[in-house]
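Peer 1: Residues per chain are reported as follows:
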Amino acid sequence: EAQVTQNPRYLITVTGKKLTVTCSQNMNHEYMSWYRQDPGLGLRQIYYSMNVEVTDKGDVPEGYKVSRKEKRNFPLILESPSPNQTSLYFCASAFSSGTSTGELFFGEGSRLTVL
Amino acid sequence: SQQGEEDPQALSIQEGENATMNCSYKTSINNLQWYRQNSGRGLVHLILIRSNEREKHSGRLRVTLDTSKKSSSLLITASRAADTASYFCATDRKIKAAGNKLTFGGGTRVLVKP
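Protein chains in written order, with the numbering used here: chain R, 1 to 115; chain S, 1 to 114.
Note that these hints are calculated values from the structure, not bench results. Each hint can be trusted.
A few chain R residues facing chain S, derived, Cβ under 8 Å:
hint	residue
1	G42
2	Y48
3	M50
4	F90
5	T99
6	T101
7	G102
8	E103
9	F106
10	E108
11	G109
From the three backbone atoms N, C-alpha and C, an ideal C-beta is built for every residue, glycine too.
One chain only, chain R, in its complex shape (with noise of 0.2 Å):
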């Protein structure tokens, strides 16, 4: 079955104790992205990447990291959490041709509190 799978679905944590929400396709997708959402603010993207070694930052990148170097995984790491990054995280995975990115396959999602 063709997924997108993140890990953890839920997570409590503390200021400053890192953590890595992994997020891993099956489809042998080109293109993989990491949204965070919360309450009047819609989707907003948080890195992308067009393939393995490839990684851009999107509109709110603050305060993350990622790395691609395999064409599955996209793990999504906050080096050191803070109360403002209190969210539901989508990970996200398409066919890209380079010119053009195709439809988006989304994980369940992982809510996320930092106290």
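Here the structure of chain R is known, so what remains is to put chain S in place on it, guided by the hints.
Peer 2: Structure of chain S alone, referenced to chain R:
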């Protein structure tokens, strides 16, 4: 501000009525996509319309694209209570020689009353 912005922010209709929502954007695009999200769940792709297309249909959904006005509309005909969700447009645009970016608008919350 965001590349894509939906209008209205919220919409309440009776079952059986049509629902129309609009998306405006600022720069030229490769394609425009519409997604649906049920509360707190992952988004689900509905329709992709390319910049050289003007209209697309999928079941009860109809999407139009007017590149001269930089706007798109999503029409849901004969709405059902199960159509209650948030709907987002996303614009795919070229940002550099070998890169595209897909950016979402703020969404339209649709409530279909039985």
